[in-house]
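**Student:** One line per chain: the protein sequences are A and B, in this order.
Counting in this note's numbering, the first sequence runs from 1 upward without gaps.
Counting in this note's numbering, the second sequence runs from 353 upward without gaps.
Take every hint as true, because none was put in to throw you off.
Among the chain B residues that face chain A by a calculated CB cut under 8 Å, a handful are:
hint, residue
1, Phe381
2, Glu675
3, Val695
4, Arg696
5, Arg699
6, Gly712
7, Lys713
8, Leu719
9, Trp730
10, Leu734
11, Gly737
12, Trp738
13, Met739
14, Ser741
The hints are simulated quantities; they were obtained by calculation from the structure and are not laboratory data.
We treat Cβ as the ideally placed atom computed from N, Cα and C, and that holds for glycine.
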Amino acid sequence: MSPVLERRPQSSTVMRVIAPVIAALAATLITLVLLALSGKAPMEGFYALFLAPLATPSGWAQVLVKSAPLALIGAGLVVAFRARVWNIGAQGQYIAGAVAGSVLVIYRPEITGGWVLPVILLLGAVGGMVYAAVPAWLAIRFNANVILSTLMLDYVALAGLHYLTFGPWRNPANFGFPGSVSFPASASLPLLWPGTQVDLGVLLAFFAPLLVWGLLRFSLFGYQVRVSLSEAASVYAGFSRARMVWQSLLLSGGLAGLAGILQVAGPIGQLQTDISSDLGFAGIIVAYLAQLNPLGVMPAALLVGLFYVGSANAQITLGLSAALGELLQGILLLALLAANVLVHYRLRWRQA
Amino acid sequence: MDRGRESKLDKQAAVGPPRLELLGLSKHFPGVKANDEVSFEIRRGEIHALLGENGAGKSTLLKMIFGLLKPDAGQIKWEGRIIQIGSPRHAQSLGMGMVQQHFALLESLSVAENLALTLNRRGRFDLERIVHQIEAAANEYGLKVPARRPVHHLSVGERQRVEILRCLLQEEPLRLLILDEPTSVLTPQESKALFAVLRNLAADGLSILFVSHKLEEVRALCDRVTVLRKGEVVARLDSAKEAVDELARLMVGEAPPPLLLSEKRKDAGPVRLQVEGLNLPAADPHGMPLRNINLELRSGEILGLAGVSGNGQAELLAALTGERRSPTKSILIDGLPVGYLDVRARRRLGLRYVPEERVGKGVVPELSLIDNGLLTRWGRFLKKGWMRSREARESAWRLCERHHVRQTGVEHPAASLSGGNLQKFIMGRELDEQPTIFIAAQPTWGVDVASARRIQSQLLELRARGAALMVISDDLEELLALSDRIAVMSGGRISPVRSIDGIDRKELGRWMGAGREGWESLNDVA
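Start from the sequences, fold in the hints, and give me the full structure.
**Tutor:** Now the structure itself:
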């Protein structure tokens, strides 16, 4: 008896849902084996990674806070990837959003009024869009590869953030530590759950996948995204590829930018050098874990958020390496790619 | 390894057990009975026709024979022994070879390199040996192919010969050659040449399973016929000499609806679409530049565009439809220069078209029939940027109903439609929009007889309503039946346009093969 893969006549919808679950279980198992191999107690590790964060309300709150930007970024990337626009520059767009949204606070720290917060959020989204417009323009004007241009612009954004937080935007009252002035109350997101960091931004973020779902399902734009599956058919339908590249980059960039300013005006409270911009890459994993379905983004974001909180927890309680979180994400993505084979193929046993 | 060519073919006469015997093969897919107790046998040295419409279950049957699908019930006997064919590799090791409808050749590699990929699995990579084998085989079977030329330079007929060679040269001596719709891509001359080769091979003892829905060629070539309809064998004929009508009746169930023969219009109406001195460079390295194209489409007539694929038809279609822009005044619709207009704008002027590539262009296979029903008319279902999904669903149902598209539900992906139903769906979608100029590329390619007749009747109906039509086809018979005037494309140029009355087929065939030397000396008679 030997296993063979047999192509399914039609791809399996059930498997599309189950594959991410299989992948998450497999990634967990592999991580535990790695823990055992490195001489740690695997069950303790399992508890610290996955159960401890969910054992307390404050743990839940942490997971929600960490998942929120992932849901926003992931929802935007679902659209871009469905349109076959490979935007892997969510990190740069996230930073651009955080920076653009901070401008008002940096130069007018004393401002107050109900209009301030909406304007700041809008600036953040526009910042992400403008930053995503660069690779869009390069792609349309010069046929530049979107993967490369978005990736390289990530590093430009990171360098820019370092410059600002160490240089012109550094708070002089900070005793030489990098970082801007703290956001005043009028420019900060109101808390929804007192005693935690769960604020209005979390609520906003979890609405994004639903809105994107509606957009993809019912709008002309969504129809164009679906038809993008085949370039020849898009041409036949009379859709402009340039427009699709622009729209999907602006949408995903805008959502990543919004995620950036929501972090700065929320849990972090100031523009600083470390604003968890690696969330931009984790958003890619979220989008794929959601099988590029907007409705899958929320559970996927919660899972990856749990991995973040869990690995931070394991680092504190068990002294495990900080790299554990990234390791977990990497294994998860690989396991997902493997599990997704089952969407199009089924396993059969055959006599040798 | 250096076996003589002679030993490759089994030269025994038709004695002993049949080469392949199918005993009650059945295969069910969810909702479909693809094959139901199919039994027949193929003898040694016989050319056996498997005749059936698209969707009759021919492809499923071939896949089971070639080890790509496992039968639900029934058995396969190979040279008298019951066997289970687990994979194509296994089928090949028994001595089977299959040439699929769509070739599996790498365009940028040479013929020899392509064959080396499958023939040189073990041992040192030795291209010279392959080249030598190709030349030897070419002489022996009359299968002439240039061994060192890259595949993208080859005509479709040559590519097919490469595929047949690949089967003949395989490690295990070839005993059964399966050809799936082999003539659908050939010129009449090429088909004739292919038949001569096949007869030679059969005379050498090779069994050939010839899968087709073209009645004439089955009659001309094959010894015996098995007719498949809706997954069942409806007839086994010991001679293919039945009348064509009888074969058609067996295949379709009832006599195919006769082609609506309307009076050929002697005086066509005003010019709707005009092309003047159109030159267009090739879009990609394998493309064909258009050179000085002049033609006009008149209201109430069908212009047939003949020619072997790859001679500029695709480029001309792209230029006419707006997929590629051209100098403004090189294309006129109703006198209006439209060279700069895009697909949508020209569609609004009444020009609609059906592309040659149905899957991946005519429809997006992964999307539902609802979505695909909107592909070229989404503007009608739009309300302030949102799609009216209920109307879209209803319109998809109506489209399928009106054009007899057999489907299992409009929310299912377009990939679930069979070839003929898919084309009826695409044609119906375009025709329902009442085009005034209509261009169809390969409208009946690979489509079953009944559907093809339907589609052809629809084209004639549209002409009767006063539209200007252009049909691009490799199938000369079809063009002769439909067109009022015919032109040939070759090497990116267009021949003089001939009226259908008193047309000389030989001349058309020569133009298709030879190119412009053939027509430059002639005067335009149309």
